[in-house]
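There are 2 protein chains.
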Amino acid sequence: DLAHSDSLAGSGEEDDVDATTAKSIYMVSDGTGWTAEHSVNVALGQFEHCLVDRGCAVNTHLFSGIDDVEQLVEIVKQAAKEGALLVYTLADPSMAEASKSACKLWSVPSIDVLGPITEAIASHLSVSPSGLPRGAPGRNSLTEEYFRRIEAIEFTIKQDDGALPDNLNKADIVLVGVSRTGKTPLSIYLAQMGYKVANVPIVMGIEVPRTLFQVGPGKIFGLTINPVVLQTIRKARAKSLGFHGEVKSNYSEMDYIREELEYVGKIFAQNPSWPVIEVTGKAIEETAAVVLRLYHDRKQKHCMPRISKRY
Amino acid sequence: DLAHSDSLAGSGEEDDVDATTAKSIYMVSDGTGWTAEHSVNVALGQFEHCLVDRGCAVNTHLFSGIDDVEQLVEIVKQAAKEGALLVYTLADPSMAEASKSACKLWSVPSIDVLGPITEAIASHLSVSPSGLPRGAPGRNSLTEEYFRRIEAIEFTIKQDDGALPDNLNKADIVLVGVSRTGKTPLSIYLAQMGYKVANVPIVMGIEVPRTLFQVGPGKIFGLTINPVVLQTIRKARAKSLGFHGEVKSNYSEMDYIREELEYVGKIFAQNPSWPVIEVTGKAIEETAAVVLRLYHDRKQKHCMPRISKRY
Ligand SMILES: Nc1ncnc2c1ncn2[C@@H]1O[C@H](COP(=O)(O)O)[C@@H](O)[C@H]1O
Ligand SMILES: Nc1ncnc2c1ncn2[C@@H]1O[C@H](COP(=O)(O)O)[C@@H](O)[C@H]1O
Ligand SMILES: [Mg+2]
Ligand SMILES: [Mg+2]
Numbered sequence: 001d002l003a004h005s006d007s008l009a010g011s012g013e014e015d016d017v018d019a020t021t022a023k024s025i026y027m028v029s030d031g032t033g034w035t036a037e038h039s040v041n042v043a044l045g046q047f048e049h050c051l052v053d054r055g056c057a058v059n060t061h062l063f064s065g066i067d068d069v070e071q072l073v074e075i076v077k078q079a080a081k082e083g084a085l086l087v088y089t090l091a092d093p094s095m096a097e098a099s100k101s102a103c104k105l106w107s108v109p110s111i112d113v114l115g116p117i118t119e120a121i122a123s124h125l126s127v128s129p130s131g132l133p134r135g136a137p138g139r140n141s142l143t144e145e146y147f148r149r150i151e152a153i154e155f156t157i158k159q160d161d162g163a164l165p166d167n168l169n170k171a172d173i174v175l176v177g178v179s180r181t182g183k184t185p186l187s188i189y190l191a192q193m194g195y196k197v198a199n200v201p202i203v204m205g206i207e208v209p210r211t212l213f214q215v216g217p218g219k220i221f222g223l224t225i226n227p228v229v230l231q232t233i234r235k236a237r238a239k240s241l242g243f244h245g246e247v248k249s250n251y252s253e254m255d256y257i258r259e260e261l262e263y264v265g266k267i268f269a270q271n272p273s274w275p276v277i278e279v280t281g282k283a284i285e286e287t288a289a290v291v292l293r294l295y296h297d298r299k300q301k302h303c304m305p306r307i308s309k310r311y
Numbered sequence: 001d002l003a004h005s006d007s008l009a010g011s012g013e014e015d016d017v018d019a020t021t022a023k024s025i026y027m028v029s030d031g032t033g034w035t036a037e038h039s040v041n042v043a044l045g046q047f048e049h050c051l052v053d054r055g056c057a058v059n060t061h062l063f064s065g066i067d068d069v070e071q072l073v074e075i076v077k078q079a080a081k082e083g084a085l086l087v088y089t090l091a092d093p094s095m096a097e098a099s100k101s102a103c104k105l106w107s108v109p110s111i112d113v114l115g116p117i118t119e120a121i122a123s124h125l126s127v128s129p130s131g132l133p134r135g136a137p138g139r140n141s142l143t144e145e146y147f148r149r150i151e152a153i154e155f156t157i158k159q160d161d162g163a164l165p166d167n168l169n170k171a172d173i174v175l176v177g178v179s180r181t182g183k184t185p186l187s188i189y190l191a192q193m194g195y196k197v198a199n200v201p202i203v204m205g206i207e208v209p210r211t212l213f214q215v216g217p218g219k220i221f222g223l224t225i226n227p228v229v230l231q232t233i234r235k236a237r238a239k240s241l242g243f244h245g246e247v248k249s250n251y252s253e254m255d256y257i258r259e260e261l262e263y264v265g266k267i268f269a270q271n272p273s274w275p276v277i278e279v280t281g282k283a284i285e286e287t288a289a290v291v292l293r294l295y296h297d298r299k300q301k302h303c304m305p306r307i308s309k310r311y
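Residue numbers (our numbering), protein chains in the order written: chain A, 1 to 311; chain B, 1 to 311.
Treat the hints with care, as some may be off.
For identical chains, the list gives no copy identity; a pair is met inside one copy or between any two copies.
As the list claims (entries may be wrong) - Straight-line Cα separation of at most 30 Å, BS3-like style, residue types lysine-lysine; simulated pairs:
{"id": "1", "residue 1": "K158", "residue 2": "K235"}
{"id": "2", "residue 1": "K219", "residue 2": "K158"}
{"id": "3", "residue 1": "K158", "residue 2": "K170"}
{"id": "4", "residue 1": "K219", "residue 2": "K239"}
{"id": "5", "residue 1": "K235", "residue 2": "K170"}
FYI, nobody ran anything at the bench for these hints, they're computed from the structure.
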């Protein structure tokens with residue numbers, strides 16, 4: 001989340017003045033590498049205080065689909081040259097072992113992200129892990145979950161921004177809020193997790209679709225935000241749209257924003273069964289966590305909110 | 001990926017016959033819990049052989065936003081009662097320590113997902129971790145990355161399914177393929193990572209938008225798929241649409257599918273600079289990994305394909 005990726009900008013880090021002082025982290029996976037990358041990302045969250053002012057600088061390098069020892073050793077050698085830390089997820093125990101011993105040989109500090117949790121689960125289940133990486137042949141990728149996820153994504157795209165209000169009752173989750181409270185990215189994030197999401201923008205002077213009040217209980221969530229933060233986001237939005245007339249002229253004026261938030265606040269007050277979530281300062285995945293905690297909570301009678309799944 | 005979640009179906013696992021034999025995994029985080037859940041998910045991939053035939057069964061329970069010791073101890077006690085494994089990510093070292101000792105006290109097997117990688121990075125950078133969880137106050141969530149990601153998602157939604165062909169040149173990545181090769185979910189997955197993606201469906205008898213041939217080099221990716229698998233997906237699609245006339249009658253006929261794949265194959269052959277990715281048997285995130293590996297590869301002159309970022 002704190003990442004300033006140069007990957008889109010396309011500037012090679014080699015040309016950069018920082019390159020000499022920045023520390024490298026190599027990430028190696030026999031699969032997609034997303035697990036290693038995600039783990040490094042959240043762990044780097046613990047070093048935000050020194051990353052923001054570039055008191056420390058980090059370059060990460062992701063190597064995915066690494067399934068033979070030769071490639072692996074090549075990467076470890078390169079990591080040694082760069083003085084990098086190596087983070088790996090390798091399902092095949094002989095590959096994990098090879099990584100460990102190559103790192104020892106070339107004095108590369110390393111950490112196994114998959115091994116410890118796999119071992120913990122293995123002894124918990126009293127079952128040996130397969131040792132087969134993600135891409136191993138013979139797997140059936142056309143699972144029920146695959147189809148459900150795709151359906152959820154397609155549904156969510158079609159419902160975006162108040163389109164097809166007649167379909168609101170088909171959604172698992174309905175998000176309600178004024179423009180720029182993050183309804184669209186939040187909808188998409190939840191859709192990826194398999195939930196059909198609809199979002200309904202609240203705009204002063206435009207009537208709320210009546211079908212919203214026919215949606216089943218526990219599905220609707222209101223989003224609210226601090227007006228000053230909302231103004232910042234709307235100004236950025238208006239700028240990126242280049243004033244093409246797509247946005248109202250008073251869209252990012254503070255008086256208008258306050259009035260609009262009051263208007264939506266009244267609607268929320270009239271519908272006390274809709275939980276209202278404060279999104280100020282929250283990343284999309286954080287708001288998603290709050291939504292899903294509440295969504296699953298109403299279905300169960302546990303003392304502590306939890307999200308349960310069966311495998 | 002192998003998950004059969006009951007969370008949407010809404011059936012409480014308590015009512016289930018499996019509940020007595022299934023092993024529980026508790027996941028606890030002071031943040032969203034997505035890291036713990038993701039780690040458990042990929043690790044469970046190593047037990048697919050016994051999960052598919054329910055030779056072993058697993059129930060997971062996610063507790064997110066756990067930021068005080070009392071809640072934590074409550075969860076550990078509950079885990080002890082259920083004989084669960086506890087997987088945790090707790091940024092505050094005193095919380096992590098409390099988790100560890102409570103687990104020891106109540107004989108709950110446990111594993112710390114965040115601690116080891118944070119320590120490895122700490123000693124690599126010679127910087128102490130902040131110990132502050134994700135939701136700690138004072139963070140600025142309105143980063144450049146936040147805005148870029150939202151812009152990418154909104155762009156991608158608008159371009160979906162060949163809409164706005166005049167905007168193709170504004171995309172970072174353009175996906176080309178016949179219907180049901182997973183262009184939409186793949187586009188959305190990449191959009192979440194900050195890439196503006198457009199996708200162009202190839203349909204026999206409908207001309208390919210000419211703007212596609214004006215897109216810069218290295219941006220276009222062809223998707224291809226095994227015809228038998230495609231037929232399975234299309235049949236499922238036709239079924240879920242309920243034959244509402246939205247799909248052509250020959251849409252999932254094998255002759256038509258073969259002809260269409262031949263047609264797109266010719267287009268790919270005429271454009272040898274477009275990498276063609278076989279999506280058969282691949283999960284969306286796996287195809288995404290291949291696309292991004294190729295996408296970043298053309299920008300650099302390394303012996304081994306890598307994706308580099310700067311923090
Ligand atoms: N469904 C799965 N089956 C087996 N192994 C998996 C599965 N998903 C992920 N893995 C393994 O988990 C690690 C992380 O995966 P990835 O995030 O794709 O790099 C890799 O070692 C993968 O091989
Ligand atoms: N940006 C961040 N800053 C600080 N800690 C973080 C950040 N992102 C994630 N974490 C921590 O990493 C762990 C996993 O996060 P989560 O996936 O939200 O459960 C939790 O302990 C979070 O508190
Ligand atoms: Mg948000
Ligand atoms: Mg796919």
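Consistency of the hints with the structure:
no.: 1; hint: K158 with K235; in the structure: both (27 Å within a copy, 21 Å between copies)
no.: 2; hint: K219 with K158; in the structure: both (18 Å within a copy, 26 Å between copies)
no.: 3; hint: K158 with K170; in the structure: both (12 Å within a copy, 22 Å between copies)
no.: 4; hint: K219 with K239; in the structure: between (34 Å within a copy, 26 Å between copies)
no.: 5; hint: K235 with K170; in the structure: between (34 Å within a copy, 22 Å between copies)
Checked against the numbered hints above, the structure violates none of them.
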